[in-house]
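Its first residue numbered 1, the sequence shown is counted upward by one per residue in UniProt numbering.
Honestly, I wouldn't trust all of these hints.
Claimed, not checked - Straight-line Cα separation of at most 20 Å, DMTMM-like style, residue types lysine to aspartate or glutamate; simulated pairs: (1) 104 to 34; (2) 52 to 168; (3) 97 to 107; (4) 104 to 65; (5) 64 to 42; (6) 175 to 54; (7) 64 to 37.
Just so you know, these hints were derived from the structure itself, not from any lab. Just so you know, these numbers come straight off a predicted model, no measurement behind them.
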Amino acid sequence: MPDSNHRFKNDEQQPRQDQSADHDADDMKPEEREYHERFMREAINMAELALKSDETPVGCVFVKDGEIFGRGMNETNRTLNGTRHAEFVALAGILSKHPVSTLKETDLYVTVEPCVMCASMLRQYGIRAVYFGCWNERFGGTGGVLNIHSDPSVDPPYPVTGGIFREEAIMLLRKFYVQENDKAPEPKQKKTRELKTEILPMDIHAPKSTPTPPVPGLKKPPVPAASTA
Numbered sequence: 001m002p003d004s005n006h007r008f009k010n011d012e013q014q015p016r017q018d019q020s021a022d023h024d025a026d027d028m029k030p031e032e033r034e035y036h037e038r039f040m041r042e043a044i045n046m047a048e049l050a051l052k053s054d055e056t057p058v059g060c061v062f063v064k065d066g067e068i069f070g071r072g073m074n075e076t077n078r079t080l081n082g083t084r085h086a087e088f089v090a091l092a093g094i095l096s097k098h099p100v101s102t103l104k105e106t107d108l109y110v111t112v113e114p115c116v117m118c119a120s121m122l123r124q125y126g127i128r129a130v131y132f133g134c135w136n137e138r139f140g141g142t143g144g145v146l147n148i149h150s151d152p153s154v155d156p157p158y159p160v161t162g163g164i165f166r167e168e169a170i171m172l173l174r175k176f177y178v179q180e181n182d183k184a185p186e187p188k189q190k191k192t193r194e195l196k197t198e199i200l201p202m203d204i205h206a207p208k209s210t211p212t213p214p215v216p217g218l219k220k221p222p223v224p225a226a227s228t229a
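Produce the entire structure from the sequences given, and follow the hints as far as they go.
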């Protein structure tokens, strides 16, 4: 499992040619975007709560029939558990009260593109659709790095839309890493080490080692007679 606190180090979010969500928030109609931004704003609120808790600021909400019925934020630092991503936290609460089949009618709104682990889990559970803020350029599983959501060799795919409140999601990540760096201890000064590149030639005329002196009272074993066979 990837290191949860360093999943998003490249927060400049420069799109690569191989990055592609199924849909982009900029292509939405105004009324459609307003609907989705309402839920992404709630996910941003969860990410802000994670930031205040010294967690990587990723938050999410699960929505069914236009209503939020699950929330989560990253909890990997507090729990010392690398699997406690926002999506897993929210789903743990949902599945404690609802059957898995409910997710087939549910949409996920998450501030950062789901990682490979979460993207795979969402597909196995049959999530209906995923909406995210910014790319996860190191471990993204829905187009950022891999396309787990649309791989035709596994479970039914789910559509993905990226870019909703992208700037806000990126700024939260930047704030976290500034905050994290401020708390880091001063690194110890390391001694300068010189790499020795000279390799001495092997001396084939090196003196023989000094023979081991005999041990008093120790008799040599008899030499076995030669075989006459």
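Non-conforming hints, listed in increasing numerical order: Per hint list: single violation, 1.
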